[in-house]
Structure formats: structure tokens, C-alpha cells
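Participant: So you can see what is in the structure, the chains are spelled out below.
4 protein chains.
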Amino acid sequence: MEHKAAIVLAMFGTTVESALKGLLNIHAKMTVRFPAIPVRIAFTSNIIRRRWQKRAADPAYLHAHPDIPVEILGVRTVLAVIADLQDQGYDSIVLQPTHIAMGEEYLDLGTYVDSLLRMGTVKKTKYKPFHKIALGRPALGTYGPIHPYADDITAAAKALAADAEMARAARAALVYMGHGNEHFPSAGSYVELARRMRTLHPDVLTLIGNVEGFPSLDDVIGELQRSEAKRVLLKPFMVVAGDHSVKDMAGPEEDSWKSVLEQEGFEVHAVERGLGEIDDFANIFVRNAAEAAADAGIFLK
Amino acid sequence: MEHKAAIVLAMFGTTVESALKGLLNIHAKMTVRFPAIPVRIAFTSNIIRRRWQKRAADPAYLHAHPDIPVEILGVRTVLAVIADLQDQGYDSIVLQPTHIAMGEEYLDLGTYVDSLLRMGTVKKTKYKPFHKIALGRPALGTYGPIHPYADDITAAAKALAADAEMARAARAALVYMGHGNEHFPSAGSYVELARRMRTLHPDVLTLIGNVEGFPSLDDVIGELQRSEAKRVLLKPFMVVAGDHSVKDMAGPEEDSWKSVLEQEGFEVHAVERGLGEIDDFANIFVRNAAEAAADAGIFLK
Amino acid sequence: MEHKAAIVLAMFGTTVESALKGLLNIHAKMTVRFPAIPVRIAFTSNIIRRRWQKRAADPAYLHAHPDIPVEILGVRTVLAVIADLQDQGYDSIVLQPTHIAMGEEYLDLGTYVDSLLRMGTVKKTKYKPFHKIALGRPALGTYGPIHPYADDITAAAKALAADAEMARAARAALVYMGHGNEHFPSAGSYVELARRMRTLHPDVLTLIGNVEGFPSLDDVIGELQRSEAKRVLLKPFMVVAGDHSVKDMAGPEEDSWKSVLEQEGFEVHAVERGLGEIDDFANIFVRNAAEAAADAGIFLK
Amino acid sequence: MEHKAAIVLAMFGTTVESALKGLLNIHAKMTVRFPAIPVRIAFTSNIIRRRWQKRAADPAYLHAHPDIPVEILGVRTVLAVIADLQDQGYDSIVLQPTHIAMGEEYLDLGTYVDSLLRMGTVKKTKYKPFHKIALGRPALGTYGPIHPYADDITAAAKALAADAEMARAARAALVYMGHGNEHFPSAGSYVELARRMRTLHPDVLTLIGNVEGFPSLDDVIGELQRSEAKRVLLKPFMVVAGDHSVKDMAGPEEDSWKSVLEQEGFEVHAVERGLGEIDDFANIFVRNAAEAAADAGIFLK
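Chains as they are written, first to last, in my numbering: chain A, 1 to 301; chain B, 1 to 301; chain C, 1 to 301; chain D, 1 to 301.
Hints are computed from structural coordinates only; laboratory data are not their basis.
Certain hints may be false.
For identical chains, the list gives no copy identity; a pair is met inside one copy or between any two copies.
[As the list claims (entries may be wrong)] Listed below are the simulated DSS-like cross-link pairs for lysine-lysine, each with C-alpha atoms no more than 27 Å apart in a straight line: (1) K126 x K54; (2) K54 x K4; (3) K301 x K230; (4) K132 x K21; (5) K128 x K158; (6) K54 x K128; (7) K158 x K21; (8) K158 x K4; (9) K128 x K230; (10) K301 x K128; (11) K132 x K230.
I would like the entire structure built from these sequences, with the hints used as guidance.
Facilitator: Structure, rendered in C-alpha cells:
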């Protein structure tokens, strides 16, 4: 029996039109690497997906935004995208999240994969809806013995060399705003990434703070104050430069990171560009999908 | 959080246009009973589904068959139908097979339900794609303490009273052709159904043979010969009067049941009418869906 | 890494001392076939196990019953026996039920096997408590494409040739009392076994009735009355000749099968001997364990 | 039906006799808190368990070590301990790991709990071997919305106040040696704990390095050199002061942490005392077990 493979990109999603290019760039890189394989986009956020459903049904919006691709206007859940593929005869799926770090969302996707593979197992093999499903790891890696997460963090740090170079040229500290979370102790990956940046670029002070959880902006400010930094290059450590970048990081409100850092006396230059827009970083997800497929024995010809 | 419910009918499917009415009648009965709830059709047979996909893309076929409903022309897998519903915001699903007996296909559907309910359980509750999924039992019941299968068999026998009446009027034995199978010892339900018919209608000899597995046509002939029957009313014990009815049961070939029975000296009257076309029988699936929903706490307002 | 294999016999159990030989014979046959492999006994019935726990702690009972083997006095749950083996370094388990037919208990054991194999899968392979677990099928087979259940039924019928011979010699009908159940439509296996017996021994009327569910004693009596039988050879169709044999089948109460059949005018000869005491039948479980091990790739050297 | 509850402590284990008191103290604290509930010990390390099995069978060892409790000499796997309890009629289990951080071992225990709860679900309720199983979280918390991990880290930091006090009195930096790992990005919990210690005790420089993974001893030395510290109070951040403490942390070899730090010019005072020996820290596991039981509705009367 012949098996047909497809790739599904599981993205949190964004409603900010200008931020889509971070996501679409990952999609484009994946398509360039696997031109014969369907690459589909799914959004995991129910709220964001419903927003796009409304926009897709709103002629005024469509008229005003002629450039939004149909993959976004008709974006669906991870399950719906995978089920569509199954209905069309694809039984081998590579599910690649565009998440930064291993956390609850990644573990949740793992329950999807496990569940889909358990379907139809009474009659075995022939009637299983899926032959193989592989789950690619997030940008900063995950647990497991095959791909040491520390290597993934080093590779991610290398993909960000241009950021360090920009900070160095401006004699600025490089401060990333990550998302982080209150419910999963994922801070290790972020902190280790910052440390690895400093190993690679010892003359640039690189720090990461998170919107939620540890380390906080206060932690970052404390480190900056203990250093000799005067200037700060501020960038999102998120795949897209969406709401968090526009408002929380670089917005004019007095509690945005830019405002707070300026109030603390630093000269701040904010760059609203998602990590997905950086080709080397986008290609991390391509590598992860390729390796997950190889580990699972899925042939992405 | 408000929950939205939908019903999915999991049918093996058929490619015989005239047989569709057995399936569509079940769909109609379900819709009448639950007018405010979406009732969707899925076909589990990959071969049959692909056949309909080809027909749906064939203008000549569409022109020649203007009456095929769009639910059949665009029929999808169980997973695709359920995932569509989830994408549209339905988180409570009643999955009702139109199977006759509990067998491998029913157990397979059970693995679907279990799997779908395990998705998204890391983050619990809020991010689970499904709130509740209930699996309705087949027409002849299933294992478990809540709905004794013997009661289901009795109810099915009562729904077939018109068949017994027709046989009585013709002074014929009533012989059903079931599907049966070689891989699952499901014969008990069939044999018990026939026995129950004889309890309800002691003056009509009712027998069931299966296309696959036990009891065979030979078993049926043996019983007929031990009786005083001269005439046979032959009917399918399948939801649709599809390929098996047209060819294996009533076809002109010399190995059809009709031909074989005639060769054995019986006068045979074959009625090609699927059980789904009998309203009382179709309503068994409606009852089973309603009870599965009630057992699971799904509100089908 | 070297793997160590063991066999676990999952028995419902019995509290009737004389009935133990049906179980111990199966254990003995398994040990003879696999002399280098530990063969352990587990009882699934909580009530029976607790009874043995009390007896094992009762000096008077032990004094009065010096022949009860320690495997029975210290009998444990299926999970406890398997976990003990794991604690002792056995990572490959063949779980062989001594059930007659595929029913809820067998499906339940399937959930044990599935569950045990899912343990420890985060760290993969090395830290999984079990390498392989195989579930042997019941005497009358189970669903699935590898071992057609009809073949198992034929093999079981052949193992009972001596019963047919005894009935033939006495010009008696052979009536088995099976357990059956109200919650699982397993009657097919029983009915088909009886039919197969009649194919193999056309001159002996063989019937099976069940304590619970279909076919009932009434069904059996109806068939006997439609035949010319005057005498009945009555035997349990259960692994042990336990409570059901002693009381319900052959007891002096007027509602025992023997009494009822006698009241109906039949001459009844009851033989209280469990199927497990019949070597050919006991060896069915040995064959099933061997085949389950082979199918799973467990080496029972 | 009455439910009986028991507590199982899942410990990695140790072969160092003097280190046992870290484990036994947790057991003692749990017993004091739940005097009516059995509290059993299991070791997850196969190597350590086999070592104890050998010792238990060695008369010379037993003679030389009369004080080793029988719970250690006969220590078993997690599964064996839980299955024993089930065999004895306990159907409600609180499984409390004595792990420091959420990592692969904790997720693996989660697969045990899930699997045990799936057993026996065909016949539902009455025949399930377990009614409820609760998994307590590690000392530094885990993911999930109910118990924010940051609160757990703060509580752990507070339990270590005496360490900070000892360091303050000696005008030393406090350096913990954690275990860490190469395969799971768990460093966040460690780094955040150290940061929280500094918030609570701003005048004491508290750092954590890990034997495996990030942060390394080199990272710690870098931080020490950037500070004004001259003296170091060196302690294990592990439940027991076992092999790692005796050799890798405080041993005389020149690559022990003590030796390396001394070579770097620091005055080092090493205290080989496991966290389990600190009553406030041991009680964290008691609290976690109590809260897991409460969350699951297990009544530890």
C-alpha cells in the first residue's frame, strides 16, 4: 500500500495583518524545501480563528485587505486540517508546531498525535486512518534522547547572529521579549538561549524577559543596571510581531517595555520583527519537520 | 461556557443509488426528531467514498443522477466530519453508527471516541477540542450493563412485525440475509434475533443466514428442510438493499440465495428493501442516539 | 538488552476445592510445554480471591485441606502477578486467559495489556517497564484477521470428541451448560460450537444452554422436545466444575437443570467435570499462549 | 462501595546507606501527617533496586548493617508497590514522587497513572482495579493552572532559609549542586529558585549549578567571579546526599566541585546533607501529596 505524506504547521496564529509575514515565511521556507508535499496551516487559538472566520465573511474587510492569502482567511483547527488530509488520502502526517519552547501547547499537540495514532486499532493496519504521524519539536528543542535540546538552543542562538551584530554596531544591549508562561516552568530554555548568545557574542549583553512568568522585565532591568549598558536594542522573541510587539513591547503606553526602559534611563531602539521573518530562524522549523519525518520513517520525497 | 451539540451518522455506505434511501431515511428520521441539531453523514468505507468523490467530479454522472443529495456526493470520513464540526464550534458529538451488530467496526469507532476525548488533556478542560462524545449502540445492541442487548434484540424483532405478517399471509418461512463476518463472533445477535421473532410470531418460521460466517445459507437450508416450509420470503437483514441484495440475495446468477433456494425446491419471493427503509427500524438508531446522548449528558435540545 | 519472558494465566477462579483441578491441569499443561518459563496463576474475581486470602490465614482450613497448592492459597490479581514479574526482571509477558468466549472480561484484559504497554513511554524503550505483552485468545477464539474464530470453534469441537462418544454410547443427547452473560452478545460462539459438534458427530444431538443470556434452558428444552431424544448427558461448558456445576446444573434443588430436565421427562446423566480437566481442551490454552507469543515476537525458549 | 486509600512514594533511590535518611525522613513526615494511611516506598532506578535485592540476600551485609529498614531492603518498583496495594484492596492511590523538578521521570510517572486508570474500563466502574489515582507534583512544582509553579518555587526557597542563614553568618556565597539533565529543559526551575532565594535574602549570593545540563559549574564560577564572593557554602540540591554529594560535590578528586572551586581561589565549606533531611523541605512532599489527594477527591482520613 502506498502512503501519502503531508505537512501541517500548527501555529498559535495572529490577527495582526502585518505580523502574518512571520508565519507565511515559515510556510514559504517549508514549501521550498518540500515542493512535492502539501504544506497546510492551522491556527490553535480559537479566538484568533473565529476572528478570521468573521473577516472572511466580511466583504468590506476583504476589499480593504486584498493581499491576505486564502490559507489564512480559511484557516482551520489542527484537527480539521489533519482530518481533511486524511479524507483526501494522506495517511502520513508531519505536524510541525511553530512554537518557540516546549510547554503545555506542545504537550497538548502530543496528545493529538497519540490519539490519532490510536484510532482504528481494533481492525489493525488496514483500517487505521493514519499510518504515521510525526511531531516536530519547537525551535528551542524538547525532551528526549535523540536531539539534545542544548544543541537546538545553540543552533537558535547562531540563527540570531544578525541581531547580535546590530546590537554590537549600536553598542547596545540586546533585550528580547519572550512570551513565557505562568503555568509551565519553561524559562530554562529562554535563559539558556540568552546565555548561549553571550558565549557566542561575549561583547554583547543579551537578555531575555518574558511577558508571563520568569524572567520578568524587572529581572532584565536589574541585570541591565548591574551592567554598563546605556542603550537597548529591543526585539520580540516570538515568531510573529503581533499584539505583544505592537502594544506591550514597543507601544506608546507608559507600561510598555520601551516606555519602562526609557523611564529607567536607557535609550531604546525597538525592532518589531518576528523571529519567523528571519530566514535562518524560519528554517529551524523546516529542519525540525525534516528530522521528525526521518525519525518516524515518513518519506518526504 | 456554552456547549454545542451535533449528530454524526457513521455508515458503511453504498454505491447503489437505489439503496441510498435506506440511509437517507435514517437521516430523515434523526432530523425530524432533533430539528435544531445538525445531523451529518459519514461513510466509513474508503472504496465507496472514493467512488462518490469520482462521481461528484463527473458532469455526466451528475447530469444523469440529478437527485443524489449533496450530503452523499460530498460524503467524508468520520474523522473529517467530526473535525469540521469542531472547527465550526461544536464540542459535543453524538456518533451514531448505522451498523446492525456489535463487531470490529463498532469497536473501531470506540477507539475514535476514546482518542478524540484524550486530545488536549494536558491543559485540561478549556483547550480540549471536545467536551463530550457519545457513541450510540448498533441496532442489535452492544455489551455493557446499562442497555441489556437482549432488550434491543426484542425491540428490533418487534420493529419487523410487518415482515412476519407478510410471511404469514403467504404461508412462507421468513429468511433474512445478514452480512455476518469471518473475524468476529457476532452471530449470536443474529441467531437470537431470529429466535425472538419466533417467540413473537410462533406460526412463522424465521431464519437468518449470513453472507460471511455463521450461520451460513447451508445452515438455513438444513433448518428449512427439517421444517414443513414450501415457500420462502427472502429479505436482506442489512440497512441498505445494496450490492448484496441485488446480486448475492436476489440476483439471477445460479449461486444467488434465491437461485439456490429454488434449486432446493422452495418457492422464493425476494423483497429488496433495506432495514433502513422500515421506519420502525430506522427509528431504532434515533432511539440509540438519544439514549447515548442522555447517558453522556449531552443535551440535544 | 536481554529480555525475560513469563506466562500469566488469568482465571476467573473458584472456591470449590474439587474444581481446582480444572485450573491446575491447564497450569500443568502450560508448564510441561514451557518448562523454562515461569507460569503464574492470577484470579480475576475479587470475591473468590478474598475467600482464598481468608482461608490462607485460617489454620483450621489449612489443616483440613493440606493439598491446596500455594499458588492458589496465595493467589493474586492479574496486575499484582504481572507487577511481581516486572519487579523480578521479567519484561515480556504472555497473558493467557482461561476464558471460554470473548466477552467483557476478555476486552477488559485487553485494556490491561494496552495500559501496561503505554507506561513509561516518555523516556522511551529503556525505561519502559515492559518490552512486550501478548494477550492469548479465549478457547473459542476472538475477533481479528490472524486466527479465524471459526477455526478455533472447530478445534474446540474436536477436543470434545470423547463427550460426543459418551453420549452416542448412551444414545443420549449431549447438553452443555455454558455460563453466557446478559451484557455481551457472545452467544454466537456457543451456538456455533454446538452446530459444529453436530457436523462432526451427526448422530449426536449436541445443544448448549447458558446460565445467563441466550440460549436459555428453555431454548434447550424446546430443541430436545422437537427431537426424539429421551436421554440427556449433561455437562458443564465451563473450565471448572464449580458452583454452577454443583448446584445449578446437577444439584438436588428442583430448579437445577437436572431436576428440570427430569421433570420434563428426560433421563439425565450429569457429569461434573470442568473442560480444563480434559487434556485436549486444556491444551487449547497452551496453543493460544504459544501463538500469542509468536505473533508478538516473544521468545518462549 | 467503600474506597481505601494509600500513599506511594516514588523515589529514584540511593545505594549510599547514610543518604537513606533523606528518603526516610520524607517517609516519616508523611506517616506523621497521615497516620491511618499506608505509606509505601518504591525506587524507580532498576540498578539501585537490584543492588538492594542483592544486599537483602547477603547475610554478611545484613549483619554489618542491622539498621537498614525492611522497606528499603525489600524495596520494589512503583508498579509492584501499587499492584500490591490493589491486591490488598486499596483502590485509591496517591503517588507522590520525591523528585525536585518536573522532567522526564515525572512525565513517565504520569503515563503510569493514566495507564492504571484506563485498566478495566470495558466493564466500567465496578471492575476497574483503581477508583482514583492522584499524582503529586515535584518539589518545584509542575505545569497546570491549579498550583502555579512560581508559588511552589517561592515556598521551596522559604524552606531553605536556614541555608541562607548559614551562608550569611559565614559571609559565604551559597552554591547548590543540582542534578539537572541533558534531555529535558528543566533548568528554568533551578535558575528561578536561585533568583527567588536572592529576593528573599538579598545579602546572600545564591547560585545553582547542575551536574548535567545548564547551568554548569562553569556558569556558577563565572557568576562567582563577577561577584565579590571569597567563600562558598556548597550543598547538594538533591533529596539525598548520595553518590553525587560524596564524590562529585565534596570528594577529594581534583574534578570535584569543591576541588575546582578551591583551585579557582574560593574557600569552600561543603555540607553533605540531602534536602530530604530538612524538615521544611520534606514537608513540601507531604503538602503536595495532600493537595493532589484533595484535587482528585481522595479522602486521606
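Participant: Next, verify each hint and record whether it holds.
Facilitator: Checked hints:
no.: 1; hint: K126 x K54; verdict: between (40 Å within a copy, 22 Å between copies)
no.: 2; hint: K54 x K4; verdict: between (33 Å within a copy, 19 Å between copies)
no.: 3; hint: K301 x K230; verdict: neither (51 Å within a copy, 60 Å between copies)
no.: 4; hint: K132 x K21; verdict: neither (30 Å within a copy, 37 Å between copies)
no.: 5; hint: K128 x K158; verdict: neither (41 Å within a copy, 36 Å between copies)
no.: 6; hint: K54 x K128; verdict: between (35 Å within a copy, 23 Å between copies)
no.: 7; hint: K158 x K21; verdict: within (22 Å within a copy, 46 Å between copies)
no.: 8; hint: K158 x K4; verdict: neither (34 Å within a copy, 47 Å between copies)
no.: 9; hint: K128 x K230; verdict: neither (60 Å within a copy, 46 Å between copies)
no.: 10; hint: K301 x K128; verdict: within (23 Å within a copy, 33 Å between copies)
no.: 11; hint: K132 x K230; verdict: neither (53 Å within a copy, 56 Å between copies)
The structure fails to meet hints 3, 4, 5, 8, 9 and 11 from the earlier list, while all remaining hints are met.
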